[in-house]
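Taken in order, these protein sequences are the chains called A and B.
Quick note: the first sequence uses this note's numbering, first residue 1, plus one each step.
Quick note: the second sequence uses this note's numbering, first residue 1, plus one each step.
If you are wondering where the hints come from, they were derived from the structure by calculation, not from laboratory data.
The C-beta atom is built at its ideal place from N, Cα and C for all residues, glycine as well.
You may find that some hints are simply not true.
[Claimed, not checked] Derived lysine to any residue pairs resembling SDA-like cross-links, with alpha carbons at most 25 Å apart:
1. A:Lys67 / B:Glu220
2. A:Lys67 / B:Gly335
3. A:Lys3 / A:Ile29
4. A:Lys67 / B:Arg287
5. B:Lys270 / A:Gly84
6. A:Lys67 / B:Phe342
7. A:Lys67 / B:Lys243
8. A:Lys67 / B:Leu282
9. B:Lys133 / B:Ser196
10. B:Lys243 / B:Leu282
11. B:Lys270 / A:Ile79
12. B:Lys251 / B:Ser216
13. A:Lys67 / B:Gly332
14. A:Lys67 / B:Ser331
15. B:Lys20 / B:Ala39
16. A:Lys67 / B:Pro334
17. A:Lys67 / B:Gly328
18. A:Lys67 / B:Pro337
19. B:Lys251 / B:Arg287
20. A:Lys67 / B:Leu218
21. A:Lys67 / B:Lys368
22. A:Lys67 / B:Ser286
23. A:Lys67 / B:Tyr338
24. A:Lys67 / B:Gly329
[Unchecked claim] Label pairs and their in silico Cβ distance ranges:
25. B:Gln330 / A:Ile5: 46 to 52 Å
26. B:Val367 / A:Leu99: 46 to 52 Å
27. B:Gly264 / A:Leu88: 28 to 34 Å
28. B:Gln330 / A:Ala43: 47 to 53 Å
29. B:Glu144 / A:Lys67: 50 to 56 Å
30. B:Lys171 / A:Lys67: 54 to 60 Å
31. A:Leu99 / B:Leu376: 38 to 44 Å
Here is what each chain is made of, one letter per residue.
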Amino acid sequence: MIKYILSILVTALLSFVSGLYLPWWGIAIAAFVVSAAIPQKPAYSFLSGFLGVFLLWEVLAWWIDNKNNGILTQKIAYIFGLDGSSLLLIIITSLIGALVAGFAALAGSYGRRIVFHAPLPE
Amino acid sequence: MIFNALDHARNYSDYLDAIKWLHTPGQNAAFACKQGDIAICDQGEFPAKWKRQGDFVMPGTDSSYAWQGMIPQRENPIMLNPERGYVSSANQYPVDPGDYPYYLGGSYPNYRGMMINRYLNQMKDISIEDMMKLQTDTYNLFAEMARPVLIKNIDSSDLNATERKFYDLLKDWDLRYEAESKAPSIFKEVWDSLTSIVWDDDLEKDNMPGFYPHESTLLEGILRDSAYEFLDDIRTPEKETLKQDVNLAFKRAAAACRLLESEGNLVWGKMKGTHIEHLANLDPFSRLNIMNSGGVYAINSVKEDHGPSWRMIVQLTANTEAYGIYPGGQSGNPGSPYYDDFVDNWVNGKYYLLWMMTKDEETDKRVKAIIRVTTL
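Put together the whole structure using the sequences plus the hints.
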């Protein structure tokens with residue numbers, strides 16, 4: 001449980017830092033590295049990558065949108081057929097990031113097994 | 001090149017030297033300077049054509065149909081310090097075709113130009129506010145000419161209650177395209193029905209695509225009353241008169257107006273439906289359904305999707321005072337509050353003071369950065 005929460009927090013932190021230097025796909029590297037470093041069952045790895053980035057992007061996007069008074073998100077949400085719902089747009093944004101990070105974490109978890117011939121942790 | 005030269009121009013001859021670089025497209029280049037000279041030139045490089053050359057399809061294999069030469073620059077129409085005290089242009093025909101040796105062709109409705117000149121002839125001691133009112137004026141000179149013919153020919157005893165209401169609105173219209181007024185929409189509906197009633201039968205005969213003749217052509221025709229041969233519907237044995245055509249047009253228009261009114265769309269601002277589109281036609285990045293006054297033959301000739309966007313007034317007193325506005329914003333980013341914040345003021349005929357910066361204002365706190373350019 002501690003590993004799980006720790007993974008989520010470190011993924012979020014690393015993803016945030018990667019965003020300062022790399023394009024958006026830095027989140028995939030961050031999630032991969034974290035799950036390779038902190039051994040967990042593949043499903044938990046996936047979930048911690050997924051939740052780490054989901055929570056990070058949710059907060060970040062909401063923060064940016066709040067400073068913009070929702071001008072841009074509302075327009076984009078209309079273009080995407082979301083009836084102008086900023087909230088829905090932000091959730092979808094976060095989901096996409098979360099899926100990328102989740103699969104990267106899954107890859108990290110399996111990758112660790114192959115490289116170290118390590119059995120899955122119980 | 002031309003704008004660099006215009007930026008450095010100090011007088012009329014500098015202006016002439018500058019605009020000679022403007023070859024295409026043709027532009028109405030107006031000029032005023034602090035010494036008091038004014039001028040306007042229909043500047044560009046135009047082919048010297050014989051009458052109506054190029055207005056219709058011509059045999060491309062026969063070189064004698066090609067352009068025979070260009071109009072020499074010095075023979076472009078130009079006006080310097082006219083006695084009437086002003087120069088003006090609203091894309092009207094730039095010359096008197098009887099006086100000018102070349103055929104310019106093209107389509108040039110004259111109504112806005114005539115209206116501008118009518119106002120300027122009356123105006124004295126013109127202030128900046130007067131010019132703002134002039135630029136946003138909504139008076140429809142075309143309707144001034146056309147409405148009497150329509151009213152005279154509509155048989156007002158043969159109208160039902162709704163038709164009567166629309167007839168009265170049309171008759172009492174102040175001839176202004178005001179956003180909240182219904183009469184401009186009624187006039188447009190009547191005119192459009194009349195256009196289709198007069199021309200459709202003739203165009204159908206030749207199986208031609210639906211290009212209607214100029215509106216001014218139909219106006220001139222109906223001013224000649226029933227002598228105008230196109231009034232007849234050639235599909236019927238009967239010989240239709242102007243009165244029949246106008247009454248039919250009014251009845252059809254009234255039906256269309258009743259429908260529009262039931263949808264709440266008969267007021268001019270809604271019927272016209274001005275919209276300012278994003279380049280990719282993305283609605284959320286555009287401004288749709290703008291309720292504004294003005295119309296095609298008014299000085300403020302706002303149409304559905306284009307019109308007089310950039311409005312500018314410059315007063316060449318010792319300190320140049322200038323005002324301007326356009327329907328957009330200073331930012332191209334659709335997420336910026338400055339993306340479209342000029343639009344509402346543009347709609348309401350407001351202007352911004354333009355900062356004609358002087359040298360000693362370099363330290364002004366509005367200056368964010370300074371780029372110095374030195375020649376090597």
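**Asked** Which numbered hints turn out to be false for this structure?
**Response** Hints 1, 7, 9, 10, 19, 20, 31 contradicted; others consistent.
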